[in-house]
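Asks: Protein chains in written order, with the numbering used here: chain R, 1 to 175; chain Y, 1 to 584.
Careful: at least some of the hints might be erroneous.
To be verified - Here are some chain R residues the structure puts well away from chain Y; computed CB gaps all over 12 Å:
hint, residue
1, Ala35
2, Arg65
3, Gln82
4, Asn131
5, Asp139
6, His140
7, Thr147
What the hints assert, rightly or not - Quick look at which bits of chain Y chain R covers, simulated, 3 or more residues with Cβ under 8 Å:
hint, segment
8, 125–134
9, 156–165
10, 192–204
11, 339–346
12, 403–413
13, 422–430
14, 508–520
It is worth saying that the hints were derived from the structure and are not from the lab. Glycine residues also receive a C-beta, built at the ideal position from the N, C-alpha and C atoms.
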Amino acid sequence: MSIRPPAAGWFKAPHGAERLWIGLALCWCLVMSIAMPYWHFYGKQNSTGEAYRVEPGAFAQRVQRFVATNQVGELNGIPIVQPAPGGDAYLQAQMWSWFPVLKLKKGQTYRVHISSIDLQHGFSLHPLNMNFQVLPGYDHVLTLTPTSSGEFTIICNEFCGIGHHMMAGRILVEE
Amino acid sequence: MTTTTIGPDVTAGEAAGNHPRGEVRVCDTTGLAICTTAERFMKLHAVFAVVSLLIGGVAAILIGLTRWPAVHLLPADWYYRLVTLHGLDMLIVMILNFEIAILYFAGAVLLNSRLYSKSLSWATLGLMLVGAVMCNATVLMGKADVMVTSYVPLRADPQFYLGLILFSVGTLLGVINFFGTLYIAKRDHTYEGSVPLITFGATAAAIIAVVTLLHAATTMIPTYLWSINLLSSIDPEWYRVTWWGLGHMSQQVNVCAMVSVWYLLGHLTVGSKPLSEAVCRSAFLLYILFINLASAHHELVDPGVGATWKIWNTSYAMYLAVLASMIHGFTVPASIEVAMRAKGFQRGLFGWLANAPWSNPGFSGFFLSLVIFGFGGGITGVTLGTQQINIMAHNTLRIPGHFHVTVVGGTALAFMALTYYVVPLIFQREFYAKALCRLQPYLFAIGITTMSIGMSFAGSYGVPRRHWDVEFSGSPFAPAFDSGAHVMLGLLGVGAVIAFTAVLLFVLLVVAAVFFGRSNAGRPMEPWHVERGVTAAVRASHGAGEDEEHRTPGTLVLVLVFLASFAVYYFANWLWLSDVWHVR
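Only chain Y is shown next, with the shape it has when bound in the complex (with noise of 0.2 Å):
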């Protein structure tokens, strides 16, 4: 091994990096120094997403399907199996391995550095990889009908809990690999000054990951020990504090990623940089303070837990992490259009929107989801989580409509937009097809879409969630649903089509280039679009003055809009609330 120091002819922020002799590559396109042993793990990890994005995709469709109640395809038993295999395969493993990538990116790449440690990183998907096998093969088996949730009573297999501590576990020691990298980038000055921003909210998912891996031992573990007839029981309500202490918290590490993919697409795409890294930087802080107890507006309409408690967790944390994504709302859009500004395009309001590259997938992937996020998933959201609201809204349809516009239309989108720039720099590959990558994000973002809209509506008529027959078919008592409940559901079985045929087709994508496409190995990537009506000079002047810099009319626009909208549905369901009886 050896070592460089920085001598007075490498510039500032441009140290030496720690690398071993010939783990170490230079990015022809970025410019970045990749530690390969990096590179290796993310290409592992993110195969292991897209394989597990498969799978929770097939059973995604089935179960579309069959909710769809002109088609109804699954019987009962396969039904709520698949619902239990789609939950696992795509907000844990898919997420998950995404984010273990995007992790080891942020820690090593991002900082000059070597990965901490390639046993750790061994580990990490050895553990996760089994922890994922024995779960899905326990599902499968029709030994754990529980739903991604377990609610005890309700009893899986032991080979179900311990599949899921053994991925946690594995997950956990990638975090720390993560920690450890940050902490030998600073050891030996491998950057300078502070982390970019990217890393710092990568950081902030990280400590977030650790609380919640730390409550999914709390659940699961006790869970096990019950399941092994070890322990006689577990309350009931106890247990289901400390899983949505696991269940949505782990949504926010979802959201710091995401955040942070879009910061990075921002730049990738067209050239973006933060308004205020102060600003930026603050909002993570805001996840990593006020997340905690949010996740208690799962346990709005629950016993036993009084309303003191109810209305504290959800109005001081839950108001103050939604300001931080509100914050991240305005100056993600508003980065985006002080750089096209600077690049020439000045017109009007949105002259900067109308000529952004909407043909680059990195790009389209990021906005529509950006978009979605805050619109579709971010509003409903925060109006579902109040107390009172709830009462209308608890288990059903409506609730996973808010989700798939979140962790779906949001976090999955902006994870597939930064894929067609992970295969070209990552596996150095490019992509067949490029008209169908284009194509891409706009049908799975309309599927996805339109498959939310079906799902909340259907739900405002009160169709329950993970439920396999809305006519209740053997019922003594059946609810005669409305026909436009009906309709809602044949809404949602039409975007899930489309939505499957867009993952379906990521997919192909994907493998074609990862397996088959043209290597560019020493040579800059294939860019998704060349910049147009941009000159010289107006280039040269990006980033010239304060003023100019922080000129952003178009988002402001599009950010009050977006609070208009926040406060009609936030009062649309106040006054909905003010319909149903008198409860205490």
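Next comes chain R alone, as it looks inside the complex (with noise of 0.2 Å):
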């Protein structure tokens, strides 16, 4: 009775199904444990949290000289910006933008800095669907590999007030 106080001597250690089925749960479990250690070693896709404490103001300005060097031309009043093969690219989340425009090439593995200047903000690369978070103070490296071609969108999926929806960037991908 579930509403009342046990017989004495309740303690009893279960058997039948429901000890079968308590060991079947423990090892189901224990599986689910490993399978995430065991793709972080031998997986490609983790997120290691790879980030720096770095002052709002200090980000923009390398944002800024990240687009001065490297830019290669525009789209929507958006600089496209293509970063060395290897090296280090910077995107910037403000309200309610990304910036700049990415052109990355396939196969090619890139650094790529990612902060906000203001609220925190999600990026989400659309139809990949890959999702991080983008803190202010927080430069977040993702260093990433493009296994495929052509042209992504960055939706924001953090809300970060009234024009939350209409902030959206985009990576280019090449062959």
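Combine the two chains into a complex, taking the hints into account.
Replies: Below, the structure is given as structure tokens:
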């Protein structure tokens, strides 16, 4: 009776189907526990959370410098910037835009520095559906290797005020 | 005040209680001694909960109709405002009021004790009320469009944070009142031996609630000081880590309360008893021990917290808490199977399930809650909480898709099911329109499940949560979502309409019963169902042999189906993950 105090001597080990199920459930939980560290060492999609403290103003200056040295064009009034393969790229989140447009090469690895200069934002790459959190004061470094080419849209998926639904940017990936 | 000693004429377990004269009544249905003070506050908190359910529900349907692209009802500012209001009233105000009522029940009523302190109860109610009104008013005035998470440096009016602090302090006083009741019941020997299972589950919920409320204070007090310019800044990552110590752990309070309600309703509807007290109690213990850092799964794609921290906290803590849920997921239906088989429903694997009292809203609501929570919420939650898979899910509609089947299809539905007993037993009023009462849990379950499926699949297409316009009108780079995403958002809208209809029906039925229902004082409540095919002989043999008590082949098949679904969904997600870009 679950609403009355149990009779004395209630502490008994489970048996039968209940015991079998607890064993199965425990094994399954162990499988899941091992999956994460396993994938961390042998898989290719891991968010390590590498980040450095940065003042929003200082980050904005780095972005400006990055754009000035690597700009290759313009799209909808926003500079297209092509970082060197293997090098650093910068992406600035701000209510309600992503700056600049990045142009990457498929199969090359880039260290993409993402930060916000005002509120928290969310980096969501459409239509691939990769999502990362962007915080002011933190330079979030994603070591990205595009494995597909085409035009990708960056959506903001962390609420950042009334124009949140207009905050979209672009990454271009060529073969 | 009279004191009664336990004489030889009082049987074991039926101790005399410590009620002051005139502050106790005997329940005509269950025979439990009910402290009338506890009863009054259970009523007040239940009314408070139902009112916030209605407010949160109205916000919900307006939000749902906005996310349905074909309708797109609200302007952007009101959409975000009502998302904040909805989260606040449902996740915090409604659910915590229900839980305070459950704590008073599990403490005072089940232990045959008086409630520890009347003035603490008033303070609890008063602070919760003032806090809730402050938060609601601030949000409705447009001064706190910050979502329920209120991530800094997004700033709300100081009143919003102060309201949250007052509400939390009030809740904490309610929890202290529960612990006080446990203490005086033990001291006055109002029961013998160990506390009942439901009180044990409620105690687990209360312990987690204290830890949760400490996180609330750690997060909200500095944030309040920042909002009135006494602190210059709050670190956004620090805020996220401590806030989720409040945000997700509070959901574990809900889980403990919900599981306790499952056991309670199993007992009230089919007379089930736990298969093994030791197993059930150990599972509650696992919740207390391992849920503390599992809230780390909200920071899996955050900067500033390392991979080791993420993996460690989600692997050791989360999966041991998951184990607890999987244990309850077996034990609850198994105890129903044992009780039904003992009544004579022995045919086949599922004769016990087919003959269960599906026309009893207390049973249908609780069993649907169990199935929806396990299959819908459990499987998706654990998968989304995997460090790498979270890359595909973080902040997409998959997240609300998950928590609407846990908190709403699971906890809220269980609480609704309980209400079909709370009103006749505590308010001593009978429901009108029994046929509608019987329909309501099914309608709600269908609505919320449809809505959550719509959300989950739209999220798989990358549709963000908390987002007014999926068309991105006005943006320089509009993404073109697959037409499948639009279909799923339409499904979300249809589900929201069905679920809201069920919420409205629930509120109307409860209000009609509480204020205008026939009184059943002095006699047992009208039963929701009449047992069929039960012979006296099989009833008498209930609980005869150990082996018979543990024969649960039907449940074993059900949980194996569950495990198979779990594994398929889990590994399918790893497969989808291998398609995205490489990232370190």
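Asks: All the hints need checking, so say for each whether the structure fits it.
Replies: Going down the list of hints, with the structure as the test:
no.	hint	verdict
1	Ala35	7 Å, violated
2	Arg65	21 Å, holds
3	Gln82	17 Å, holds
4	Asn131	4 Å, violated
5	Asp139	7 Å, violated
6	His140	3 Å, violated
7	Thr147	5 Å, violated
8	125–134	violated (count 0)
9	156–165	violated (count 0)
10	192–204	holds (count 7)
11	339–346	violated (count 0)
12	403–413	violated (count 0)
13	422–430	violated (count 0)
14	508–520	violated (count 0)
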